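Engineer: Sequence:
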Amino acid sequence: MPVIGGHRLPNSPQAPLTGAPKVGAPMPPPLQAGAAMEYVPLRAPAPVMPPMMPKLPPTPWQAAASPSAHLVQQQYVATRLEELEARRTPGRQAALDALEQMLVEKPPFQRMKKIPFKELMRVYKSIEMNLQSAELTVNFKCDTWFTNENPYDTYTQMYQRAVEGKTMVLRDTDQNQADLRAKVDNAVTFPKSWQGTQAQAPPQRGLMPGRQSPERIQRQMDTGAMTPIHKAGELPAFLAGNKHFNPDTKQVFLALNYGRRAYGSAINYGYSHFVAKGSLRAKCIYYAQDTFKYAKATPKGKRIRVDADAIQYTYDNLGALFYAKGDPHLQEAIFQSCYEGRTLPDPIATVCSSYLVEAHHFGDLAFDKHVEHMVISPKDCADRSLWPTIVANATKFCRRNGVRLFQTD
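Residue numbering for the sequence shown follows my numbering, starting at 1 and increasing by one per position.
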């Protein structure tokens, strides 16, 4: 019977037996030595030529014409957070110096010429912690939002709302002059160190794109010079001079309600407001006061002289805001709320911008994903007979988006 798997065994060196010997027949002499195994050198395999393949047509892959708005925003924030981290220590030291100068004029530190560093850091950390825990709010007028049912799912910024067809037409409003607003946003977003940077080589085919250069990021986000267009009977309007500009890359404006004010951060935009989820705070870039002040301080037709490196603050370095140059009333307001624990009253609407801590969020602001709750106030409603309708529409909106709704006076 053949051995299972015997086809894999090597041939035996002995001659195979042809049969059993007969009874009484002499036995064959035993083997004196094992059969000799002769070494057979291995031969190199004969070369096999590859088959002739037909010539392939050119690859149909094409590089994207431009990165998506979301990718541009992600890379802008990642780049700026890295760059601002390098400025964190000197910024904090300037804030500590300003804080010490304030403390020596207040009890119980009045008699001290120099405050011990440990005590100074305790006060500083308390202020920073309370700034970091403050709510991010967006003020609005609820009669504008909810006199009719609001079908929107996402809060859009002014550049997105200005798109008409495939063209952005940025128009003046009662709050902002369009061309100045665009000029300021460009100035406070891009630091001087980004000017003249060279673009990186395009990514290799089949690989995910790496970090883009500041020049390439800015090319998608900067409006360029605004070109006026004139139409009789309409508000002044402007077109972006940069043909690569993508309106979706611009920031959403929020504000840090460090004063724990009942009507949010900026009543000049409305007494109603919504509150963003806490996870959004670490993703924002912060400024002391309303950034539009740089336009007001610049003579007409002149370049806005401000460097984003000097005025931007990250969430991890919010305490450095205490030093921010500007109206000294902001320092006092931050000290009263974030150290003394006071709930601040609303400033009059005309000076709200001086008390503002502005936050720029680069990305979507979806109501169902990014909003914690909403507060509406009848102070926004000139016609109080509309208030029940506004409440009903606001209730539908909040149910649809999973947002808690509160009413205040």
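What the hints contain is simulated information worked out from the structure, not anything from laboratory work. What you are looking at is a predicted structure, and each value in this text was computed from that prediction instead of being measured. Watch out, some of these pointers could steer you wrong.
Said to hold, decoys possible - Pairs of lysine-lysine residues, derived as DSBU-like cross-links and limited to a Cα-Cα distance of at most 30 Å, are as follows:
| # | residue 1 | residue 2 |
| --- | --- | --- |
| 1 | K396 | K379 |
| 2 | K302 | K243 |
| 3 | K296 | K283 |
| 4 | K141 | K243 |
| 5 | K293 | K183 |
| 6 | K293 | K277 |
| 7 | K283 | K293 |
| 8 | K113 | K166 |
| 9 | K369 | K141 |
| 10 | K277 | K113 |
| 11 | K231 | K283 |
| 12 | K125 | K141 |
| 13 | K277 | K379 |
| 14 | K283 | K300 |
| 15 | K125 | K231 |
Engineer: K125 and K231 were given as a pair; does the straight-line alpha-carbon distance stay at or below 30 Å?
Structural biologist: Status violated; Cα separation ~54 Å.
Engineer: Take the C-alpha atoms of K302 and K243, compute the straight-line distance between them, and say whether it is at most 30 Å.
Structural biologist: Judged against 30 Å, a Cα distance of about 23 Å means the pair holds.
Engineer: K283 and K300 were given as a pair; does the straight-line alpha-carbon distance stay at or below 30 Å?
Structural biologist: 34 Å, violated
Engineer: Given the hinted pair K369 and K141, is their Cα-Cα distance within 30 Å?
Structural biologist: 22 Å, holds
Engineer: Holds or violated: K293 and K183, Cα atoms, limit 30 Å.
Structural biologist: This hinted pair holds, its Cα atoms lying about 12 Å apart.
Engineer: Starting from K113, check that the Cα of K166 is at most 30 Å away, please.
Structural biologist: 63 Å, violated
Engineer: Given the hinted pair K396 and K379, is their alpha-carbon gap at most 30 Å?
Structural biologist: Between K396 and K379 the Cα gap is close to 21 Å, so the pair holds against 30 Å.
Engineer: Is K125 within 30 Å of K141, Cα to Cα?
Structural biologist: 35 Å, violated
Engineer: Measure nothing beyond the straight line between the CA atoms of K283 and K293; if it is 30 Å or shorter, mark the hint as holding.
Structural biologist: Holds, because 24 Å separates the two Cα atoms, which is no more than 30 Å.
Engineer: Hinted pair, alpha-carbon criterion (30 Å max): K296, K283. Please report holds or violated.
Structural biologist: Answer holds: K296 to K283 is near 28 Å, not above 30 Å.
Engineer: Is the Cα-Cα distance between K277 and K113 30 Å or less?
Structural biologist: Violated. K277 to K113 sits at ~42 Å, over the 30 Å cutoff.
Engineer: Within a Cα-Cα threshold of 30 Å, do K141 and K243 meet the stated pairing?
Structural biologist: 34 Å, violated
Comparing the model with each earlier hint shows violations of hints 4, 8, 10, 11, 12, 14, 15; every other hint is respected.
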